[in-house]
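Asker: Residues per chain are reported as follows:
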Amino acid sequence: MTVTLRINGDLRSFATDPMRPLLDLLREDCLLTGAKSVCREGFCGACTVHLDGAPVPSCLVPVGLVGDREVTTIEGLGLAGEASDPLQQAFIAEDVVQCGMCFPGMVMSLGPFIAAHPGASAEEIRQAMTGNLCRCTGYERIVEAALTALGAPR
Amino acid sequence: MTRPAAVMDLPRRDAADKVRGRTLYTTDRVRPGVLHGAILRATVPAGVIRKLDVAPARAMPGVRAVATAADAPGMHGIGVADHPLFASDRVRYNGEPLVAVAADTEAQARAALEAILVEIELLPAVLTMEAALAPGAPIVHEGWKDYETLFEGGEREGNIAWVARVERGAVDAAFARPDARIVESVFRVGRQNQAPFEPRSALAEIRDGRVEIECSSQVPWTVRSVTARVLAIPESQVRVTVPPVGGGFGLKFDATIEPVAAVLARLTGRAVAVVNNRQEEMATCLCRENADIRIRSAIGPEGEILAREATVLMDAGAYGGEQVFLTTMTAHTLGGNYRLGAARLVTKAVYTNTPPNGAFRACNGVYNTFALERHTDEICAALGYERMEFRRRNVLGDGDLGATGQVFEGDVLGPMLARAEALRERTGSAKAKAGNRLYGRAVTVGTWFVFVGPSTSTVNLHADGSASVVTTGVEIGSGTMVQALPQIVAAELGLSPEKVAVRQADTDAGGLDMGVGGGRTTVSLGAASMAACAEVRRKLFDAAAELLQARPEELVLREGRVEVAARPGAGAPLTEVVAHAQARTGPVSGSGGFTRPGVPAMPGCAAGHFIDAIDIPVFCVHDAEVAVDPETGHVEVLSYNVVQDVGRALNPRAIRGQVQGGVVQGLGYALHEEITIDEEGRMRQVNFESYRIPLAGDAVPVALDLYEGAPSIGPLGAKGAGEVPILNVGAAIACAVADATGRKVSQLPLTPPRVLGLLRGRDPELRLDHV
Amino acid sequence: MGAPSEGRLIRAESVEAALAASASGARFLAGGTWLMRAPVRGERLSGCFVTLSGIEGMARVEAGPDRVEIGAGVTHEALAAALSGLSGLGALRAAARGAANPGVRRLATIGGNLCAVDFAASDLAPALIALGAEAACETADGPLRLPVEEFLARRAALLPGALLRSVSVPLGPARSAHARLPLRKAGDYPVAILSLAAVIEGGAVKAARVGVGSVEPVARRWPGLEAALAGAPLDPDSAAEAARARLGDFAPRDGVEAEGWYRIEVLPALVRRAAAALLAGDAG
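Residue numbers (numbering that gives the first Met the number 0), protein chains in the order written: chain A, 0 to 153; chain B, 0 to 770; chain C, 0 to 283.
It is possible that some hints are incorrect.
Said to hold, decoys possible - Here are the computed lysine to aspartate or glutamate pairs in the EDC-like style, where the Cα-Cα straight-line distance is at most 20 Å:
#: 1; chain 1: B; residue 1: Lys743; chain 2: B; residue 2: Glu707
#: 2; chain 1: C; residue 1: Lys184; chain 2: C; residue 2: Asp65
#: 3; chain 1: B; residue 1: Lys498; chain 2: B; residue 2: Glu552
#: 4; chain 1: C; residue 1: Lys184; chain 2: A; residue 2: Asp9
#: 5; chain 1: B; residue 1: Lys432; chain 2: A; residue 2: Glu123
#: 6; chain 1: B; residue 1: Lys743; chain 2: B; residue 2: Glu635
#: 7; chain 1: B; residue 1: Lys50; chain 2: B; residue 2: Asp88
#: 8; chain 1: C; residue 1: Lys184; chain 2: B; residue 2: Asp768
#: 9; chain 1: B; residue 1: Lys432; chain 2: A; residue 2: Glu122
#: 10; chain 1: B; residue 1: Lys432; chain 2: B; residue 2: Glu635
#: 11; chain 1: C; residue 1: Lys205; chain 2: C; residue 2: Asp236
#: 12; chain 1: B; residue 1: Lys50; chain 2: B; residue 2: Glu113
#: 13; chain 1: C; residue 1: Lys184; chain 2: A; residue 2: Glu93
#: 14; chain 1: C; residue 1: Lys205; chain 2: C; residue 2: Glu240
#: 15; chain 1: B; residue 1: Lys498; chain 2: B; residue 2: Glu534
#: 16; chain 1: C; residue 1: Lys184; chain 2: C; residue 2: Glu137
#: 17; chain 1: C; residue 1: Lys184; chain 2: B; residue 2: Glu688
#: 18; chain 1: B; residue 1: Lys498; chain 2: B; residue 2: Asp397
Hints listed in this document are in silico derivations from the structure and should not be mistaken for laboratory results.
All values derive from a computational prediction rather than experimental measurement.
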């Protein structure tokens, strides 16, 4: 079956199984490997992409259900090169990253959240991260960096 | 004390790519055209293979090769070579590899596995250590006597893969003293899965007749040697490179699937990828082992520890692996915290028909510290000592003897306890947050070590004033390769760290290295790099002396210039000196090596130990407050304070990140992460739904005091800081929960059902008659 | 994977087309969060599927004077948003806001949630039961409307031929609250869930409905507790005590995450929490 998707602004067609996880199509057919294949059951958030701007775990999205929604991956966030997103900048500047596998998903999940909740508290940020696991950092710095990105006093 | 130039909060150079999804881990390097390998695994815990017909698999679409034990005849292991790559005759655990297939797609490879005809005659299995040690128990390795010994000195017998013993002083006499008060405790802990986000992954291909493996490993040299052993080829025929690793935590210290990729590459002549899916990764995880522990102490009239006896049973699973080595560490974790008049410590690695275990951040130190500190609190409860006072009085100090008779240098734990109290005064208590719940607090001590061993580094200084460092170190997230190493080399050569490039691991380029783990990376690679820089400086100063008409010993490196120390401003830019040297004597490079100096133990104290004394001890004091919900058994950590001995903090901010991460991983071990083994010998928790690693809401901000100045042979006095933050977490939480509930806490993890069961008195008190 | 596969995913534009596809063997596909995890459960994602999102009204929430009609294709996130401002539905809003995690809540639908036969830990199910909601199905023999608890109990037999079209929640004088107990703070499936709806008149409970999820394989009402709560003022402690006296009402399920005894042992605490939240009114 042919599935046509708009991915990071490009309209592309794929001959593929419509029940295939969007994650696999992105990684294997598009070589967009920023979305990570970690748990494949929607618990870790490492494969998060945006569908029309809304963060979802791409492991649970069959490509046949994407329809005409715009797919944005971490690669599509900063096409110009520099990480201009305040959240990414805070992650870099505050030495938040360790192994890094969860961070594309963290950026994809938390970015829209803080944009929509400019007054978010640390506790609200933690709740927004319920679907984003990290095995290295112990989370606190991620929360602090998100607060920095919000310009919140600490 | 002036701050050395190497000390700074250098940000990570890999962060920008990582947050933009540009970093290519091994799993991201499976390019189109690469074959996919898949592994057929046994589905019974013990049996004899009666039939293994792979012909139908060979006929399946897309299949390019099928590998069995015949293609990998060698055996590997630690201490004892007991481990084949594929089962050939006997199956010893549920999940053991039987066959590997390479096909054009992963789906084709997996479909081919299902076509293989397997008949396994079931044998009785031993799924617990208790069963393995029972009289007349089935023997997991019938041919154990015939295995090649790789390290001499361990006792072995039947299902006991290895025994390490310590005997120092007159233990029996101390226990027999009429004034001795004896306290005895038993403990049991389950397994912990490292659950790195990047599963074990390997890409192999044949280039110029050699096997080249790109993989997600912490120890490229182990992948090299294990692959050569099991394939029965010379080590020189294997090259291992390692791109950024998406988490390891010890799991990737051993080789597992990398040789499988190598076998398939040899059979096909093509590039082959073997990437564990999450279920395989978790079902075959080389976990922190489950353990059964008995500790007995004789306490004297002054509250001194006259003698201590302990037996630790470590479940190795079906093959010895790291547990054989780790039997050594009981001596130092149970015997390296407190002053002991006499000590008898026996540690056994036990074979069972369960998936093999491995190394996990601070390894058995984590549960030995839990057991020791709970035992310490049980001593205090039984004999009426105040917990902090008992610790203050008994912790090791300068000149005291460790379990194996090693002499500890410096008063470290005592002052650290005082610092913990001061830290608590600064942070205050969070008791008010407990509300109607049960409140508890505990302060625990822990001793671990830096696993030193050989490392190599080569430093090249270029005419543009930059340097490149070649090692076989790996960046697994701990920051050594992107922070500590460039900081150290830059400081030694008077450069800014941005000018120091660090090569990713390649066994063809760098020399021997024991790998990333055991808190050793910064220490060992840092020391090797300092030695390499010394050679670079010597060559540089020789060239500059000629250029500047000065003696080499008068010269210093300062901000990209070689200068005469006594005459600031008199000198030449580094670029000019290097160019001069390149023309006169050749390019400027240096190589350095490092290994353990070998601190002495007391002769005759230790048997079966891989390390008789620890070269760099590392101490920790953790102080936790908890609230326990009496109706649900939920434990909330209200506050968490850490005083950690770091020797010298080279990058304090990065260390804080490691401590926060290590403590939360420890909270997972203490509270959430449970693994149970079913009646078929499989781990039940093999996905992220059932294996509960902490989420952001379960974390707690850690207040940290870095304790500097303890003796260390590490570069600039540094000690490894990334491994040890997890060490006392199980201990601190368990002791705090015991304090809150008034119950004997004898097992980890303290999941809500377990804690509620304790509160309601549901389960009988733990007895471990087999220990 | 990756092979072209015609007919594997059918997009139904009408109930009739969906039922026809189902009759020819296709499985209904809603948000995908349950079906897409088939490989993790060791199941194959084989056969044909029919997506219902093209059916008119499937993703709509309509609030009338007496009832709220929730299309089966409404996601948890959309449901939580649509319910804000509606009084009395606190349990359902809390269930929709607390289930799973934000990413999954954006995909998972109320219909998929109620039709996942093997999923015992649905948050929506006990909330809908407590609120007296009805499931509206379409079958080849015509529409079928039944209480949610009955739908859940009978769904394994009903579902191959029935399409859950919408869920209808009555609006009334009852207030409601939802208490869930995951083993971590959040993010895992709760080991026990309790939703409470009560009409309080003159300081006493006139009528109460209690939905209990995740304790048994299928969520259900707790009639014994409902009767015990009626007629007296709602007091969290005495409600918990009443619950404790009736724990024998359940035949709890054992699971990897918790054994049965634990699931019922924590019910008094959940009753207390739900009652306190209901009285505090913070849950609507």
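Asker: All the hints need checking, so say for each whether the structure fits it.
Answerer: Hints, one by one, checked against the model:
no. : hint                  : verdict
1   : B/Lys743 <-> B/Glu707 : violated, 35 Å
2   : C/Lys184 <-> C/Asp65  : violated, 36 Å
3   : B/Lys498 <-> B/Glu552 : violated, 25 Å
4   : C/Lys184 <-> A/Asp9   : violated, 40 Å
5   : B/Lys432 <-> A/Glu123 : holds, 19 Å
6   : B/Lys743 <-> B/Glu635 : holds, 18 Å
7   : B/Lys50 <-> B/Asp88   : holds, 10 Å
8   : C/Lys184 <-> B/Asp768 : violated, 37 Å
9   : B/Lys432 <-> A/Glu122 : holds, 15 Å
10  : B/Lys432 <-> B/Glu635 : holds, 10 Å
11  : C/Lys205 <-> C/Asp236 : holds, 18 Å
12  : B/Lys50 <-> B/Glu113  : holds, 15 Å
13  : C/Lys184 <-> A/Glu93  : violated, 26 Å
14  : C/Lys205 <-> C/Glu240 : holds, 19 Å
15  : B/Lys498 <-> B/Glu534 : holds, 19 Å
16  : C/Lys184 <-> C/Glu137 : violated, 39 Å
17  : C/Lys184 <-> B/Glu688 : holds, 14 Å
18  : B/Lys498 <-> B/Asp397 : violated, 41 Å
Checked against the numbered hints listed earlier, the structure breaks hints 1, 2, 3, 4, 8, 13, 16 and 18; every other hint is satisfied.
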